[in-house]
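Participant: Here are the chains, one letter per residue:
2 protein chains.
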Amino acid sequence: MKKAGILLASLSVFALTHSAAYAESDLLSEARDTFKPIPHAVPSLPDNPVTQEKIELGRMLFFDPRISRSGLLSCNTCHNLGMGGDDNLETSIGHGWQKGPRNAPTVLNAIFNTAQFWDGRAADLKAQAKGPVQAGVEMANTPARVEETLKSMPEYVGRFERAFPDNGEAVSFDKMARAIEAYEATLITPASKFDLFLEGNEAALNDQEKEGLALFMDTGCSSCHGGVNLGGEGYYPFGVVEKPGAEILPAEDKGRFAVTKTADEEYVFRAAPLRNIALTAPYFHSGKVWELKQAVGIMAASQLGAELSNDQVEAITAFLHTLTGERPDVEYPILPISTSTTPKPELMQPMKQ
Amino acid sequence: MKKAGILLASLSVFALTHSAAYAESDLLSEARDTFKPIPHAVPSLPDNPVTQEKIELGRMLFFDPRISRSGLLSCNTCHNLGMGGDDNLETSIGHGWQKGPRNAPTVLNAIFNTAQFWDGRAADLKAQAKGPVQAGVEMANTPARVEETLKSMPEYVGRFERAFPDNGEAVSFDKMARAIEAYEATLITPASKFDLFLEGNEAALNDQEKEGLALFMDTGCSSCHGGVNLGGEGYYPFGVVEKPGAEILPAEDKGRFAVTKTADEEYVFRAAPLRNIALTAPYFHSGKVWELKQAVGIMAASQLGAELSNDQVEAITAFLHTLTGERPDVEYPILPISTSTTPKPELMQPMKQ
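As given, the protein sequences belong to chains A and V, one line each in that order.
Note that my numbering has the first sequence beginning at 1, numbered continuously upward.
Note that my numbering has the second sequence beginning at 1001, numbered continuously upward.
Read the hints as simulated data drawn from the structure, not as lab findings.
We treat Cβ as the ideally placed atom computed from N, Cα and C, and that holds for glycine.
It cannot be assumed that every hint is accurate.
[Claimed, not checked] Distance ranges between label pairs, derived from CB positions:
no.	chain 1	residue 1	chain 2	residue 2	range
1	A	D329	V	G1096	31 to 37 Å
2	A	K99	V	P1328	32 to 38 Å
3	A	T341	V	W1097	23 to 29 Å
4	A	T341	V	P1328	49 to 55 Å
[Said to hold, decoys possible] Here are some, though not all, of the chain V residues that point toward chain A, as calculated from beta-carbon distances under 8 Å:
no.	residue
5	M1083
6	N1088
7	K1099
8	I1248
9	L1249
10	A1281
11	R1327
12	I1334
[What the hints assert, rightly or not] Just so you have them, the derived chain V footprint on chain A, three or more residues with Cβ under 8 Å:
no.	stretch
13	105-113
14	140-148
15	215-225
16	322-335
Please put together the full structure from these sequences, using the hints given.
Facilitator: See the structure below:
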């Protein structure tokens, strides 16, 4: 137990040269102002009611490799629910073994992000779900071909009808994305040690983890990495204070600039959500850093100009490990069987139209 | 219901010019002499006791993409338990998007096959499991690298210790294969309509399916496609009577000849097991035929010299659909997390030693 000390309420950026000392309840109080626990219940989606039928359909679609042109890649290939909701690769492998441009973000708790992708180019998960399906470097498919595939299997048609009962044509690309979003709303990981702490069980964190939490807030990490997901809410230049090397921040990927074409958004990326961060190495949009400790040091220097001691980095890293929650049980779905009208797998890249 | 007729007990090869007519009980009796139902309990393996610890470890290994050099491909990639225990591709895609030489056989009920692979080059499933992991065109890994990977994760080490309690070094490539074999022993599909029939419920098959069963036996199909798995027990030349075209039987793949180097084993392949055949298109080792009906016609002509009427082909196809059993419930495993000593994914083909 640490003795009571001065509450550093400011979230401004500065380098700490000694451990922050907190009264327990002050630490909890400041943490509650900054973060929110993962809820235990599936969140509701204002424009996409989450029903059991939709969840089950979405689970099938999430695992169905026939959503991809090759018939080989499913959402789960890059967002593996047996791992950290990602693929643990630097950047993902897609159609034709092409190497994607950025590290795959975790799907776990993605429902709580304000915007999706590293550059926030999708407004929500149903918009996100349409992206990789069509990206030439990922699934290389088209909405029309996906619809043809799904319509060729009577079981899918029936499931779409039940998931979207009063809503025009049974099967559509848009409804596919809505069903996947509904399933993804169930992929939340409550009950991490940090959640128990936020919920009032202060003994859930040990002294080092509490010190890390205090440093995380006082050094300024939580300015960008706050809220439910400790990130995923806003966009910031990578290298506010000092740009990391080209190995970690490749010059050719200008981040949000590609979406907004605004000069001051060059090298601007979404602050990565840090939930389950211990499960999702390698780190950063480039996936070039494999050690969480190293990532913490790089962030402190490049974003905050903070020189942390080894003990401080260790403490923040220990705190980040408390963000690992309980991953959802996943029943692997039995998929409908292809029929004679199901488009055949196409392994080559389609010709440009 | 068909009226009683002559029991054609011989399994020799001849062309039927009319539907066989059977007494129900004679049909069942002949079927019981030729086939066996899928058991409801997990079979025991004489040299690899199936324990719950081994099954759970094997399930994790089956779904773990880090068994492959790339970190992308798992056993389940090509033997997808949500589909027919295969990948529904002509031939599988492996490391570097290489196209494998042959159609992936289903893992469902594979435990009942006498030999594995299309050419029988593995004696059992634990020998089979070592093949794709090392094949350059599949997972492109090495036993040493797999062992290094598994040993880098304390949870795996503990699980190996519990699965193999009195047996030298905790983690080994051989034990990995044994655990996967134990898990695969659970991947059986009892309670198909045909199993219900074999178990005595003659009403489980309708008239057309019964006619198909009679034709299947009397035309000679069951000479090669008998036993529990209706195949998977022996090796036969593809094209006993008449070789199919090079599109279906490519000249360069000489089948079992590559294993035995015996001239009369050119184009000899294992008779495919037909359990769940309606789920595992496309067909043949080349994967060139997508319609089950077409496959039946090709087999009858090439193997038996039989010219079947359309109704007869339809009846046999209807019978083959009764071989679809109840697929096992699969809980998707939560995998151990990589550590700093876990070998990093390698996406390029390794240099030849």
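Participant: Taking each numbered hint in turn, which are not upheld by the structure, reported in ascending numerical order?
Facilitator: When the structure is compared with the hints, numbers 4, 8, 9, 13, 14, 15 turn out to be violated.
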